[in-house]
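Assemble chain Z onto chain P, guided by the hints.
2 protein chains.
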Amino acid sequence: MRQPFRRELSNLIERGRDRQLRLAVTGLSQAGKTAFLTSLINQLRHAGVEAQLDMLPAAREGRLLGAQRLNQPDLGVPRFPYDPGMAALRETPPRWPAPTRGISELRLQLRYRPAQQGWLSPDIAHLTLDLFDYPGEWLLDLPLLQHDFYSWSQAQPLHTGDQRRALFSEWLAEVETLDPAAEADEAQLASLAEAYAQGLRRAKQAGFSNLQPGRFLLPGELDGAPVLQFFPLPQLSMSKEALDALPPNSLYATLAARFRYYQQQVVRPFYRDHFRRFDRQIVLVDVLGALNAGPERFEDLSQALGQLMQSFDYGKRSLLTRLFAPRIDKLAIAATKADHVTPDQHGHVVQLLEALLAEPLKDLRFANVPVKALSLAAIRATEAREVMHNGKRSPALRGTTLEGEDVLVYPGDVPPRLPTHDFWHQQGFDFPSFRPMDTPSDALAHIRMDAVIDWLIGDKLV
Amino acid sequence: MRQPFRRELSNLIERGRDRQLRLAVTGLSQAGKTAFLTSLINQLRHAGVEAQLDMLPAAREGRLLGAQRLNQPDLGVPRFPYDPGMAALRETPPRWPAPTRGISELRLQLRYRPAQQGWLSPDIAHLTLDLFDYPGEWLLDLPLLQHDFYSWSQAQPLHTGDQRRALFSEWLAEVETLDPAAEADEAQLASLAEAYAQGLRRAKQAGFSNLQPGRFLLPGELDGAPVLQFFPLPQLSMSKEALDALPPNSLYATLAARFRYYQQQVVRPFYRDHFRRFDRQIVLVDVLGALNAGPERFEDLSQALGQLMQSFDYGKRSLLTRLFAPRIDKLAIAATKADHVTPDQHGHVVQLLEALLAEPLKDLRFANVPVKALSLAAIRATEAREVMHNGKRSPALRGTTLEGEDVLVYPGDVPPRLPTHDFWHQQGFDFPSFRPMDTPSDALAHIRMDAVIDWLIGDKLV
Numbered sequence: 001m002r003q004p005f006r007r008e009l010s011n012l013i014e015r016g017r018d019r020q021l022r023l024a025v026t027g028l029s030q031a032g033k034t035a036f037l038t039s040l041i042n043q044l045r046h047a048g049v050e051a052q053l054d055m056l057p058a059a060r061e062g063r064l065l066g067a068q069r070l071n072q073p074d075l076g077v078p079r080f081p082y083d084p085g086m087a088a089l090r091e092t093p094p095r096w097p098a099p100t101r102g103i104s105e106l107r108l109q110l111r112y113r114p115a116q117q118g119w120l121s122p123d124i125a126h127l128t129l130d131l132f133d134y135p136g137e138w139l140l141d142l143p144l145l146q147h148d149f150y151s152w153s154q155a156q157p158l159h160t161g162d163q164r165r166a167l168f169s170e171w172l173a174e175v176e177t178l179d180p181a182a183e184a185d186e187a188q189l190a191s192l193a194e195a196y197a198q199g200l201r202r203a204k205q206a207g208f209s210n211l212q213p214g215r216f217l218l219p220g221e222l223d224g225a226p227v228l229q230f231f232p233l234p235q236l237s238m239s240k241e242a243l244d245a246l247p248p249n250s251l252y253a254t255l256a257a258r259f260r261y262y263q264q265q266v267v268r269p270f271y272r273d274h275f276r277r278f279d280r281q282i283v284l285v286d287v288l289g290a291l292n293a294g295p296e297r298f299e300d301l302s303q304a305l306g307q308l309m310q311s312f313d314y315g316k317r318s319l320l321t322r323l324f325a326p327r328i329d330k331l332a333i334a335a336t337k338a339d340h341v342t343p344d345q346h347g348h349v350v351q352l353l354e355a356l357l358a359e360p361l362k363d364l365r366f367a368n369v370p371v372k373a374l375s376l377a378a379i380r381a382t383e384a385r386e387v388m389h390n391g392k393r394s395p396a397l398r399g400t401t402l403e404g405e406d407v408l409v410y411p412g413d414v415p416p417r418l419p420t421h422d423f424w425h426q427q428g429f430d431f432p433s434f435r436p437m438d439t440p441s442d443a444l445a446h447i448r449m450d451a452v453i454d455w456l457i458g459d460k461l462v
Numbered sequence: 001m002r003q004p005f006r007r008e009l010s011n012l013i014e015r016g017r018d019r020q021l022r023l024a025v026t027g028l029s030q031a032g033k034t035a036f037l038t039s040l041i042n043q044l045r046h047a048g049v050e051a052q053l054d055m056l057p058a059a060r061e062g063r064l065l066g067a068q069r070l071n072q073p074d075l076g077v078p079r080f081p082y083d084p085g086m087a088a089l090r091e092t093p094p095r096w097p098a099p100t101r102g103i104s105e106l107r108l109q110l111r112y113r114p115a116q117q118g119w120l121s122p123d124i125a126h127l128t129l130d131l132f133d134y135p136g137e138w139l140l141d142l143p144l145l146q147h148d149f150y151s152w153s154q155a156q157p158l159h160t161g162d163q164r165r166a167l168f169s170e171w172l173a174e175v176e177t178l179d180p181a182a183e184a185d186e187a188q189l190a191s192l193a194e195a196y197a198q199g200l201r202r203a204k205q206a207g208f209s210n211l212q213p214g215r216f217l218l219p220g221e222l223d224g225a226p227v228l229q230f231f232p233l234p235q236l237s238m239s240k241e242a243l244d245a246l247p248p249n250s251l252y253a254t255l256a257a258r259f260r261y262y263q264q265q266v267v268r269p270f271y272r273d274h275f276r277r278f279d280r281q282i283v284l285v286d287v288l289g290a291l292n293a294g295p296e297r298f299e300d301l302s303q304a305l306g307q308l309m310q311s312f313d314y315g316k317r318s319l320l321t322r323l324f325a326p327r328i329d330k331l332a333i334a335a336t337k338a339d340h341v342t343p344d345q346h347g348h349v350v351q352l353l354e355a356l357l358a359e360p361l362k363d364l365r366f367a368n369v370p371v372k373a374l375s376l377a378a379i380r381a382t383e384a385r386e387v388m389h390n391g392k393r394s395p396a397l398r399g400t401t402l403e404g405e406d407v408l409v410y411p412g413d414v415p416p417r418l419p420t421h422d423f424w425h426q427q428g429f430d431f432p433s434f435r436p437m438d439t440p441s442d443a444l445a446h447i448r449m450d451a452v453i454d455w456l457i458g459d460k461l462v
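Protein sequence lines, in the order shown, are assigned to chains P and Z.
At position 399 of the first sequence the residue is numbered 399 (the working numbering), and the sequence of numbers has no breaks.
At position 143 of the second sequence the residue is numbered 143 (the working numbering), and the sequence of numbers has no breaks.
For reference, chain P alone in the conformation it holds in the complex (with noise of 0.2 Å):
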């Protein structure tokens, strides 16, 4: 066969053959999303060359040859801050990239040797990888679709928790006086909502996840309109019937087609034009981060991720299925900042993060939606070394702090279970945050990011 031809047949195969595929990578606020994404995009980038990618057998076997970044699809979504990422990283001192508001893109083309070369496979192939990130706090919303407003109002966790009750206690104050049926003031109505975004403010500030809705917190352009002027009505006293039957111009009625509003125009966009497109999804944690906070806020992570996580069940009574047939195909769950502990720590990091999700991931796994749970740190901030202490050698960390002092530190023990009331009582955990460590190569240093690179996308790379 001449060499023309072969070439045109297999490009004609290589057209028939799945070629693309969109990642998305979720986070609640603080997991490290923006991060995660700049060193994924940054480790394919130099795959091949400086990039550690052990665990992925395209790296490994010298056949992930680059990634190019092409033109995104998608003319109305901005694009991820790839390069102002790597530049805050490259400064003296190293800087965090700033982090996600909203919703971003971008578009690298793989260039690959199939492993293996039969007479009909091509000599290069190519995988157009979409890129996405944005904000966790979106899949908390997912939730409110199956509500009307009265049962929203029910469902607001606003009275559990001594911390989370002080942070809301002036809107708490006024919205209990407040009279269902009385006409709607505008002004009141707003100054209300400021209290209640207020609130999620201050109760996001103080490490708090469970927060909804969640544009109250990224009102972008939404700020100051009255889709984003409502809030809950706990303690109604009138039934579901007399309130629903209140007029157009009560304060029951304005708030609920606000409610409304909110699930048409804000919530449900979102999933119909981005969700239900992606392939793969990573969601990150900062499981860490929430232990260093103490029981409450723990309690509070666990609950929102078990909201976030319903937007992947796709089993068959689902709400998002009946809403919006979602296709993700493949799901990552990873612990962040995996170098914020010593690594004999790991095990433990991931088993905690299993625990945190028991019951979302049974229900992934009845679906039969493939997940795998890891630890990783996209971006080391800190090296492992070992000190002696009492006479043994220890694990530590040797790092900077974000004020910029060097130290070394045991941060502690990770219980491999959820915690016991004895392990928030003994104080047992305690990290600095660390600021990037430099980078002398192009390649970013990190933790498992080729490993999860290979759950994510590997057997595209065959």
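In short, the hints are calculated from the structure, not lab data.
Just so we're clear, the structure is a prediction, and the values are computed from it rather than from any experiment.
The beta carbon of each residue, even a glycine, is placed where N, CA and C say it ideally should be.
You can trust all of the hints, since none of them are fake.
Simulated coverage check for chain Z against chain P, where a stretch passes if three residues somewhere in it have a Cβ under 8 Å from a Cβ of chain P:
#	segment
1	68-81
2	185-194
3	221-228
4	252-259
Here are the in silico distance ranges between beta carbons for each label pair:
#	chain 1	residue 1	chain 2	residue 2	range
5	Z	A187	P	Q205	33 to 39 Å
6	Z	I124	P	Q205	47 to 53 Å
7	P	T92	Z	L323	49 to 55 Å
8	Z	L323	P	D442	47 to 53 Å
9	P	D185	Z	G294	47 to 53 Å
10	Z	L323	P	D185	38 to 44 Å
Only chain Z this time, still in chain P's reference frame:
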């Protein structure tokens, strides 16, 4: 006839009448939009008590009873920040309200006694007023709809005026070396688009107005999206046919695709969802500021206003009429900041405004759109005084500069027609920027707000 029956009948007639009006305020950056709408709302809320509205018959005759804020109908449009604006004006020292960044809305319900009390007319009538504020820069994008990327590239004023060219020099130097047929390079396009946007921002800061595309200056949630990453290709050496035949991944085709997306997804929705629903419109013009800034900026304002006013040209053959069938039935054009010159100059200000807009005004009158030009100060910042100068009484202004200095000045003579070379040569005009005056009363002090309110809504209050 029994009283209840009479009332029912008049309610019926009431409902049949045109009792709702959508009134929009626009103008280029710094024209005074937020101050105008804040004052308009303030005057209507205090009509009949403290507001000085003698030129509005309903107020002069004591028939305008008050204005109440209602919930706005558009849940997705930010609320106009009236309360923050008033709070800024009441600070010590007073501050101007924060400038407009996008569209915003506020609904008022006016209560008034109809002028003629026939037996069928209601005792009290209502008028619902939906007020909108939006950046005039958005209107500068209308002409872009009649272009394709090729003709738009040719139409950009990049080589007219030394100052303007200097602001774009870095971008110009790079863009002139581009090959339209070369494969588009994602990173290069992003960096060139940023250089172009930077030129637009610099030009805006330097006082230029005729800047396209308008959203490059206020990107909002589209910041970083490819739709905002295009730029004109000046001095194209290939024919349009040859350019149109280039492959989709070429530089030219990529920019052209983004230009089309911008037309369809950014420019059109504003006209379709908002603009075409406005009943009446006021365009604010900072003609004195342009006079202050010198000949090139003044000429640029003139061009920008010519472009902007195309949005109100409802001649049968106009682009707008063909695309969107708008329905504005009354237009006001106002020179703002009249309090920045002495009262004897106000006549000249209006004459100058009419000279500046001579062409668009001719078209509007030809198209039979009622239009009125006037000068006003929405929120007074100065007091008129007389001082002795060379033994003669001369007019002067007393006010406080933004830096906090109390001054007594004569800003100069306003030319009653387009300034000549001699005017610019003599540097005949110079006014400081004033801060707002302290407001002891609830109603804001103004110049001719009553006249403009009468023109815009007076016919609905009879």
